[in-house]
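Asks: Here are the chains, one letter per residue:
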Amino acid sequence: MPSIAKPLVPRAPLPRNALGLTVRDYEGPMSTLCAGCGHDSTTAALVQALWQSSIEPHRVVKLSGIGCSSKTPTYFLRGAHGFNSVHGRMVPIATGANAANRDLLYLGISGDGDALSIGLGHLCHGIRRNVRLVHLIENNGVYGLTKGQFSPGADRGSASPRGERNDLSPIDPMLLGLSLGATFLARGFSADKVHLVPLLEAAFAHRGFALIDVISPCVQFNNHVGSTKSYAATRAREVQVTDLLAPIAPAAGPPLAGTVPDGGVLDVPMAGGGELRFRSVPPGYDPTDRTSVAVHLAEHAGRGEVPTGLLFVDESVPDVHERHRSTQQPLNDVPFEQLCPGAGTLDAIQAAYR
Amino acid sequence: MSSLTATPWEAAGRPARAAVNDFTLSIATVNGTGSASANALFVRAVFRMGVPVSGKNLLPSNIQGMPTWYEVRISGTGHTARTAERHVVAAMNAQTLAQDVAAVAPGGYVLYDSTAPLPSMPLRDDVTFLGVPLGHLVAETFEDPRQRVLLRNVGYVGALAALLEVDPETVAALLEERFDGRPALRQANERAFELGYDHAEALFDCPLPFHVAPLHATTGKVLLDGNTAVALGCLYAGATVAAWYPITPATSVMDHFTELCTRYRRAAEPEPDAAAAAAPTTAAAPTTVAAPTGGTDEPSAPRGNYLILQAEDELAAIGMAVGAGWNGARAFTATSGPGLSLMGEMLGLAYYAEIPVVVVDVQRSGPSTGMPTRTQQADLVEAAYASHGDTKHLLLFPADPHECFDFAVTAFDCAERCQTPVLLLTDFDIGMNDWLVPELAWDDAYRPDRGRVLSAADLAGMEQYLRYSDRDADGVAARTLPGADSKGAYFTRGSGHDRLGAYTEDPDRYREVVDHLAAKHTAAAGRLPPPIVEHRAGARAGVIAFGSTDAAAREAVERMAARGMPMDYLRVRSFPFQPAVREFLDGHDRCVVVEQNRDGQLRALLSTETGAAIDRLGSVRCYGGLPPTVEEIVDGITAELGS
Ligand SMILES: Cc1ncc(C[n+]2csc(CCOP(=O)(O)OP(=O)(O)O)c2C)c(N)n1
Ligand code: SF4
Ligand SMILES: [Mg+2]
Chain W
157 MPSIAKPLVP
167 RAPLPRNALG
177 LTVRDYEGPM
187 STLCAGCGHD
197 STTAALVQAL
207 WQSSIEPHRV
217 VKLSGIGCSS
227 KTPTYFLRGA
237 HGFNSVHGRM
247 VPIATGANAA
257 NRDLLYLGIS
267 GDGDALSIGL
277 GHLCHGIRRN
287 VRLVHLIENN
297 GVYGLTKGQF
307 SPGADRGSAS
317 PRGERNDLSP
327 IDPMLLGLSL
337 GATFLARGFS
347 ADKVHLVPLL
357 EAAFAHRGFA
367 LIDVISPCVQ
377 FNNHVGSTKS
387 YAATRAREVQ
397 VTDLLAPIAP
407 AAGPPLAGTV
417 PDGGVLDVPM
427 AGGGELRFRS
437 VPPGYDPTDR
447 TSVAVHLAEH
457 AGRGEVPTGL
467 LFVDESVPDV
477 HERHRSTQQP
487 LNDVPFEQLC
497 PGAGTLDAIQ
507 AAYR
Chain U
-19 MSSLTATPWE
-9 AAGRPARAAV
1 NDFTLSIATV
11 NGTGSASANA
21 LFVRAVFRMG
31 VPVSGKNLLP
41 SNIQGMPTWY
51 EVRISGTGHT
61 ARTAERHVVA
71 AMNAQTLAQD
81 VAAVAPGGYV
91 LYDSTAPLPS
101 MPLRDDVTFL
111 GVPLGHLVAE
121 TFEDPRQRVL
131 LRNVGYVGAL
141 AALLEVDPET
151 VAALLEERFD
161 GRPALRQANE
171 RAFELGYDHA
181 EALFDCPLPF
191 HVAPLHATTG
201 KVLLDGNTAV
211 ALGCLYAGAT
221 VAAWYPITPA
231 TSVMDHFTEL
241 CTRYRRAAEP
251 EPDAAAAAAP
261 TTAAAPTTVA
271 APTGGTDEPS
281 APRGNYLILQ
291 AEDELAAIGM
301 AVGAGWNGAR
311 AFTATSGPGL
321 SLMGEMLGLA
331 YYAEIPVVVV
341 DVQRSGPSTG
351 MPTRTQQADL
361 VEAAYASHGD
371 TKHLLLFPAD
381 PHECFDFAVT
391 AFDCAERCQT
401 PVLLLTDFDI
411 GMNDWLVPEL
421 AWDDAYRPDR
431 GRVLSAADLA
441 GMEQYLRYSD
451 RDADGVAART
461 LPGADSKGAY
471 FTRGSGHDRL
481 GAYTEDPDRY
491 REVVDHLAAK
501 HTAAAGRLPP
511 PIVEHRAGAR
521 AGVIAFGSTD
531 AAAREAVERM
541 AARGMPMDYL
551 RVRSFPFQPA
561 VREFLDGHDR
571 CVVVEQNRDG
581 QLRALLSTET
591 GAAIDRLGSV
601 RCYGGLPPTV
611 EEIVDGITAE
621 LGS
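Protein sequences, first through last, are from chains W and U.
For the first sequence, the numbering used here assigns the number 157 to the initial residue and increments by one for each residue that follows.
For the second sequence, the numbering used here assigns the number -19 to the initial residue and increments by one for each residue that follows.
Same shape as in the complex, but just chain U (with noise of 0.2 Å):
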């Protein structure tokens, strides 16, 4: 036990070099116990001393009394990925400490909680131990259990503030901000930060030759999830109309939506009879299709512009998204691999009737139920093609949160001018944690797309109208709403139609609406965000990834040219790929597709839909769930292509 106590950090080899601002802390905990919010503390608290910070969660699927981990990178070059080192490890759960000692690199840091006796473990003299009293401490200074637990993390969150230089007045001013008007939890927790900090500060010499110097290199930027920032896009965007199923990790989409549209999205007031007036929709008769008013238990909380159902499955919550959407609502659900699965048969439909929806995939790690809170890109293929015949979607791959805002607008601008499903594929590492992005932007001249729709006056000028005729340059053809017009008035069906709308079984009818549809999928190309492409000179091949990826892919092919090897980088952003994912498929003898599943989709899709040879793309491919590490790509990369 002795060798466990605080051992002066002297002691253990030094590492190398002093990395001020370039290391990574792990944070090992029981979830369920309050630690997601410390960590976010911590986080946030080197995030506004300027310094780049990103956060990532290895949570277990569980609600309580699993381990779990937080991993945070601080890089003052800005760089996010995961990376394979662990310099400083907080081992706060006695379950994990054997792993989480072996997992420090040399020279290294672990800071354990010494209150109670620790089970043997490997020990290892090429690290550091740090032990802090934490649950004692804890317990000397709270009364209440519950509490003292939540505390003993922010007691941790001081100690790592003292190690690490965090500065104690920023947490202060954190504090002060998360208890506005708490003022007794604001004082606990500030109580069990000092009660870290001084001891840390007392027992070792601080700073550790790893910690954080002020910088300011995080201005203009936020620390966003992506789950928060596809709400805050359908927000700004106008979706009216949600459906969904609760499912991991695409919840938060919709607890973030249904509290942004609380706040923001109050109805005007109408007069009071305003409604009773506006709503004769028969002539002085018996029955009228007014809208309900009396009834509810509340009749005076306020009304809101948005209606969210949650739905029965997310058969359902598809269902009432695509009825939101050919009712000219921009409607949407937000789900995950096995709900995706659900959805196929009405995509289908919406496909082929011709009806914009827009859905959000939080991709985890399937297959089945898989692991929900591990994150993958391995539904890239089900979301490309979705449902039975011959069908195909036009996806959206945002790498980060800010791409998520901006690309859920650009999901519902689609969606209704190309008049069909958009699917914003995102994943867990988006979507749950918090990232380091330029902070979101917007243009109040923005105006939505609604794409082709006859309103009652563009009808009455017209002789007759005929749903599926009259396509424009996009192949898409004017819609109607119900309501306007019975000239207007057509039939939907996903069962064979013509042009007319009408059904059919006729061979050359069928076709010339399928082979519309095709080329309508190929046009929408040009009103996708088009891919990224980074030449270096003298590169003798390319590396492509998509979405969450492509932070790992593209400090590996950093990293890479630095020594001397030199890549073109392409992230594609959409499917389906534009002229420019072709070409450079077609500038490179050899490409390599970096992507987190078992079986190469993306390298897959590539080779299917732009003819490129299969042979010549090279394939690394991350898929044990958690968000892959440059190192992995580099040796990914470097066996793909030879050194």
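Chain W extracted, bound-state conformation (with noise of 0.2 Å):
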């Protein structure tokens, strides 16, 4: 995809990360995308989401598929490799490079074409594996890159600019992951930075799948009076469930237990230390209980409400290299002689041939 490199304007010291690093660090070249396109905010989002978290940029694989949301690995963090694929398929690939190498940040962009239509069978299934992937679909109910069909995330009665309505029912990625086991569970809006970065942060601490629906509208195909997806639309419907501060560093002490103040303060211990700290859920939300999230849910999607915030999250199952016992090492870092059982086995294999 095109990309033009972006002027270095001098200015005051930006502050920097534990690492050192600025903004800036986190930053790529210049996006190509409509002006105004919501996928250029969920961009800005995780700059300043992977810098808050103090990545090293090298330690992250940014991934994605094809289409308008696809080609944003290009235009942030430019000291980690990327890999756009082929439409639909980025789990797949994904998965393979986290079976290589397990101790990097696998970031995976998809749309909502590429990954709840094209590549709907490989999120299920990714979402089932719990690989280690922060998985966004960068959501705005239509194919941009083809020109504004409509995709799977349309909601039924969501009208296209010429009028036509969707009469299909939406493929919500927050229900489906649900249904199939998801660890980690997120919906943001990319206008809203404030309420999308601390969810960002706490897919990069996730031990497993990390699912984050963003709607992120689509300035020149799905944004106008009767679409569902617009800047407008999404404002209006937006209710935020949870309240998330950023994932709190592995506290000194043992991590508190999961507990739900009504309308207050919630922490969640994670599998890799530290806590998710709620500022607020709703009485009777326990972002920790599968069914009672399922109910809010549907609650909220029966009242045509668009739910975000850390919906759902369960720290407690084993991503697909402690399924399958796989070593600690990156696989691609396994010295040869500890791979190749050699002559004398061969010879011993043999024996049964015989």
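Among these hints, one or two may not hold up.
Computed cross-link-like contacts, SDA-like style, restricted to lysine to any residue with a CA-CA straight-line distance of at most 20 Å [to be verified]:
1. U:Lys467 x W:Arg234
2. U:Lys467 x W:Gln506
3. U:Lys201 x W:Thr501
4. U:Lys467 x W:Thr501
5. U:Lys201 x W:Gln506
6. U:Lys467 x W:Asp181
These are computed hints drawn from the structure, not numbers from a lab.
Reassemble the complex: the two chains are provided individually, in unrelated frames, and hints are given to aid placement.
Replies: This is how it looks when you write it as structure tokens:
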């Protein structure tokens, strides 16, 4: 995809993170998406979250499929490897890359067409395997890159610019994820960076498949009156269910137990240490309880609302490497001597073939 | 019925010659009844007597209850191909009895189970019927009905052993090994074997003129199937990531690889907190990007130096292998025709983005679902050019399990050296049958060729890194792996890119890269196994074959030479074709290409890729789904060349 080098404008010293890096170190070349495209705001939130999390740029792998959304890995974190693959197949590529080296942060960016249509099967199985992958769906309800066809992210009744109504039910990745045993489900809005950034930070810390549905309006094909995924419609329909503070560093003491104070603060311990601190959750909402979350989400959907926040988290499920008990070392770094059983063993093996 | 009971073999026409160590045996059974292990027992016993033997499964695509045949060729001269004649038939399936009787060569023998009255069948007076009441004997001796079914098979092995003079001690030794630690099972099997053996000995004049006599011709050899050999090759090559979706006849590649990894790929146990200490990828920061440790069901289960992923489909399987290959692991997938079709788009990506990956294609009969348990070499053209656009791959064609092992290692070396997919094309015949091949050999001095990969240290000394610049003589540019150094970061894309790795739609910049890819493909030929060429004095024509066709084609050429029609022979072992292939084509006025597909795919590929005139290339195509017989090929070549 085309990209334009960003002019480096001198300015006042920028704050530095724990690595001594500024937010500029997390940026990439200038985007070539349409001005105002929701995807660019999501990119900005990613830059902020990666910087705040003090993640070393070269320890991140950016992956995507095909679509306007899938172009965005070009536009941030120039110090990380990127892989813009084929339409709908980002999850398998990420699964393989993660298999080869479990120590890196895999950041997958997909669109609603890429993830919920052509790649839906892979999304489901990636969730089931609990591959350690941060998977964003930049959901705009259309196929942007192929110029505006309805996607599986389009709500029933949403209208195209020419007035045709979508009469198919949408695929809600959050409800889908719940049913598949997802271990991290969050929804954000690209225009609401304040709430999106902590969701991304929490996803980076999650030790499994973190699915984030980001409503990310397409100004070109789906931002008109009658669209349910326009900026205006999303603002009107969004209900912030949970309010997450960034993940809290591993505490010196034992992790706090998951408790649900009514409408108050909630701490959920994380498998890697530390905890997720919710500034608020509504009464009766327990983001660690699959069944109650499903009920809440269904209720919101029934009211035509778009629930956002960290909706569900389960830190107890092993990721793909743990389930398979693969070595803790990156597999791409195991010395050959430890992989090849040698001539003597081959002789012994062949005794069975005589 | 009376004529069906045991007729002394002398009564029906004796074969013209006493065929010691040179005959074929066909065992007809019902699949899913355990006959496969009985057949293997028979073949291994012959092998241990030092007599070259090979067995081919002619299977139905079914789990239980359908007719199945196992064709055994016993050949003191070491020939393993299928031949047209059936000298001895063990007709253990009443359903196919008529067909099996009809298939025996005049002067041959039919062993059958005389327990139940047989349906009417065409009787022949030129073959000898040998009835043994196996069902009855087994029912008398064993209680458990399920066991009876299995042991009846061992019973016919016993009868065959007596008739064909297979050493009962050798069989006993094999049973002892197989049922090591399970004495009750061993005894039951021994008993069943004796039942068949003793009855045949008592009823008939043993051995038949067709029989086995000890030799020393299997020393240094093994009986091995190609799928096991491929799995061993992947193990020895150091493959660490494998992804697959179940499909006949490729499934056992991953089954074997899994078994081998479980045994031979235990990870060295790290110090208790070594993992925690080794992983800080963030500096004193809230978010750690370290390996998850907790939460497993079996925290104490041993760890392995491998990850095998059963994917949701072949699109995912190849995607995982490509992702892992891109990230520096030796990665592969194994599939068959339908899976290969699904892998096309991703193979194009790996070709264009220059990513190493190994694909094992155990071919079966197409098109579409075709005949899953029947063999063919009909994926050749698809494999060569898999994916849309100008795409070409590197192909390896092992002819037998020995080469499967060697070529699997070659495949990884070439994939990483040339940064491109390598497809290892085997087929049902190679993959699922036990072949008599030289023992696999391993050189402990072998080190994998990981190709051009820059380390963090390499990068530190560089001004700048650009992905597709700086190609070497092979046309390969150095790659980097994620996680090493930001300086090595680049963007991998299947979209149009220039030599810097940047997106482009500029005609010249686009062309520069795709031209490089073509040159790289051509250059890679030199790293692939060269063709095997056999010259014969006075040869007028050349015969060309590849893969599993080799055994039958070579024997056909031998036979024709013995009949005064010498021909040169070339076996293609890789694609792109090496100059020696072109030279062979140029050196003969006429060549006949023998292959197992309807459309003469190798012939077409040879002509397309070398420019050899297609009308100078004769074609013998055996595509019924069974491995070709020597006679089929002799007849085909004769028809093409005129006698
Ligand atoms: C196999 C294949 N089919 C179709 C296409 C064409 N195509 C490119 S992007 C796209 C849809 C992208 O939609 P989405 O993932 O929602 O991304 P957006 O552009 O909306 O961000 C399609 C159908 C393709 N690239 N590959
Ligand atoms: S077409 Fe839509 S999705 Fe694509 S860049 Fe433009 S606004 Fe964004
Ligand atoms: Mg979209």
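Asks: Looking back at the numbered hints, which does the structure fail to meet, lowest number first?
Replies: 2, 4
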